[in-house]
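So the sequence lines, in the order shown, correspond to chains A and B.
In this text, residue positions in the first sequence follow the working numbering: the first is 1, and each later residue adds one.
In this text, residue positions in the second sequence follow the working numbering: the first is 1, and each later residue adds one.
FYI, nobody ran anything at the bench for these hints, they're computed from the structure.
All C-beta atoms in this analysis are idealised placements derived from N, C-alpha and C, irrespective of residue type, glycine included.
Zero decoy hints are in this set.
Listed next, the in silico BS3-like pairs over lysine-lysine satisfying Cα-Cα at most 30 Å (straight line): (1) A:Lys395 - B:Lys188; (2) A:Lys145 - A:Lys86; (3) A:Lys395 - B:Lys170; (4) A:Lys313 - B:Lys170; (5) A:Lys438 - B:Lys188; (6) A:Lys475 - A:Lys266; (7) A:Lys331 - B:Lys188; (8) A:Lys342 - A:Lys443; (9) A:Lys145 - A:Lys191; (10) A:Lys302 - A:Lys313; (11) A:Lys438 - A:Lys277; (12) A:Lys145 - A:Lys126; (13) A:Lys422 - B:Lys170; (14) A:Lys63 - A:Lys86; (15) B:Lys170 - A:Lys331; (16) B:Lys168 - A:Lys422; (17) B:Lys16 - A:Lys63; (18) B:Lys188 - A:Lys387; (19) A:Lys425 - B:Lys170; (20) A:Lys387 - B:Lys168; (21) A:Lys191 - A:Lys131.
Some residues of chain A that are not near chain B, with every Cβ distance over 10 Å (derived): (22) Ile64; (23) Glu203; (24) Ile305; (25) Asp380.
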Amino acid sequence: MSLLEVKNLSVEFHTQEGITRAVNGASFTVNPGQTVGLVGESGSGKSVSAFSVMGLIPNPPGKIVSGEILFNGKDILKMNEAQMRKLRGNDISMIFQEPMTSLNPVFKVGEQIAESLILHKGMNAKEALEKAIELMDQVGIPNPKSRALAYPHELSGGQKQRIMIAMAIACDPKLLICDEPTTALDVTIQKQVLDLIFGLQQEYNMGVLFITHDLAVIADIADEVVVMYKSNIVERNSVKSIFNSPSHPYSKGLLACRPGLESNPKRLLTVSDFMDKEGNELKVSDERKKPFTKTYDYSGDKNPILLEVKNLKTYFPVKAGFFRRTIGHIKAVDDVSFQLRKGRTLGLVGESGCGKTTLGRTILRLVEPTEGSVYYQGQDVTGLEAKELQALRSKMQIIFQDPYSSLNPRMTIEQIIVEPMKIHKVGVSDNERVDLAKQLMEKVGLLTSHLSRYPHQFSGGQRQRIAIARALALKPEFIICDESVSALDVSVQAQVLNLLLDLQDEFDLTYIFISHDLSVVNFISDEVGVMYQGKIVEHAVASEVYNNPQMGYTRNLLSAIPKGIPKS
Amino acid sequence: MKKESLWGEALKKIVKDKISLFSLIVVLVYTIIAILVSLGVIVGDWHQTVGPNYAPPSSDFIFGTDFLGRDVFKKVIYGVQVAMSVGFISSMISIPIGVVLGATAGYFGGVVDEIIVWFYTTFSSIPTIMLLISISFILEKGITSVYIALGLTTWVHLCRLVRGEVIKHKNRDYVQAVTAIGGGHARKLFRHIIPNVFHVVIINASLQFQVAIKSEVILSYLGLGVQEQPSWGKMINDAKQELTSGYWWQLAFATLAMFLIVLAFNILGDALRDALDPKLKGKES
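Sequences and hints are given; from them, build the entire structure.
Next up, the structure:
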């Protein structure tokens, strides 16, 4: 008998806008000791399916309209709330995406793990805490005895996710549901967390349902993969068959759209290369698939130097005490120097907190530097007066990470794109500016009729296109992309990367591309700088960094990238 | 996907809920009455004796008459105008003060922030009612001093809220994006940040409005407020002597009129908060 059997599940959401069917007749099973990957882009219904298993679909607006969810042969959908509560956290547990918000900030982490033990296992507080410390040791937290007394904010993101895992396995669950548990983490931490989940699964013979938008993540831990697209399951097969011979065009697209480390086509393949809007399969031309080898000769580059950063330092004071005295500094950017030639792309990689974002913002003087200089076409940006800086801003632009927060929610797309032109007096009349905005919308692949809409009416990928259109409005020469594709699904990420490359060819743009994802940086960059603790520790031509890394830190980063090769 | 602004959506939400819709209608009816009274279209003759003194509510005088034989119904209606104008004008004084000071403090931070925070903390340490009384003593007694007194004492709470919201928003990416395209302080503050915190002002105003109405009643009751016009506070004050003789109607109807509008503003304030606060809408806004 299967541990979990979902049969013909359909879930609908009833809202003011109408009825949306989030899951349409989904069926899949999870056996004890088996890992099943549930893969799809945001809005495909994968999380709704998993939440149904936990009985966590809010009703209203959600409603399970048909199907059965059998857990050990019993239909979960027929259980009452009291029976469900006994099941949740005990036989079925869940790990969420965002460890920062899933832990209660006012309780010590040891107490939070102990809570479910007291609740489900009837332990007293002392026994539960001892068991909690044991669990923390098991999930690899150093000094578990003292860390059990720590509050969530005292732990790093990876450690918090370990605590979440300890909580999830506290009551020896038979089924563990992981909802994108590594999406918010750095690659190196992601690898550790994946190894941990896989190890625990082997040890306890749990069934694991692993939800993700990125196939590569689960390649070496899943046994079976279920691919969801637009509320339907389009393919369900063993992990090997999915990776070696995917049958549905959407699965093919999903596999192809992630940039690889070895070779890539000139432009990444996307889902739309494999199927049209109606879902019919398309033939991908060999021309499109042909691997493209970038050749970049760093020393022989004749392009003029556009940007030169010399000994740049950005320190943030740490203040303490009643009089807020400065007791030290956080060296976010510590003595960084490099040159960037026109029309080239410099990729900056590193883990969160390494200073790459601050470096980008200091170059644009969104953050004031502590020391050093930034020369843009020979002019020192750090010494400019407000007036001169404003004039220069039309040449240097930035595209932010989170397309949800970088667009003003109370302005229409037209107002957002026209605004920079107004500030810099591009175009003589409003009509002319609106015409320019329309051209930009077409350039970034959006409909001109959408100009009158508000940001919340667009998806994440579309919003990022709007942010790109705004950055292009002033015809800049230089753009900093600060984790600009990190918040997007892999399938959407490929489209935006292709767009950035097309725009670079057309307008001869120079990019600094900041990302924690090395495969993305490898694909888009000519040269790569690896940042660690505020310094650039390795800087070379992209292929050089990837094929022949000099520093141990770079090698660690490289080995942590999910390879996308199924386990044998 | 329809083309719709956040305000349009909010209005739609309020109209959908029966209780909020009722509150909105109450507020609109009171506003219309207030405008009609100001224009002199209705109850301009409130001061005329129309019947015997202290006539209880009947078909002739549905709210009864007072000690001079004046119609209590007309006095209550006139009181609507007094209350609404106090609420409206005092808000018009307190909102600009609160928004400008709060936004300046939050946006610029540093010394500017410290001076403004010091100022409003000091200001709010004075008991409000004492401040109201002293302001009405300094200015001439009458409705104008009630406007000014209330306007000058109710901005502190709003100022604090706006300051907090501005601090939260000024480091958001969309404001950084304006810096990156070369926008100055004025553009960032007035075109970008303030529209995003303005829902706080609206919600606060709807709750402040009823505080102002109640304060006017208190001031008038204490004899410091409205002089030559009828107001709910004065009517309640009259009831001091009347109740012992069993003349309950002035008190009852003045209180009822006040209760309705205060309740309506409270419900409307909550409904506005639900409809406008982006926090309650998740990532959608």
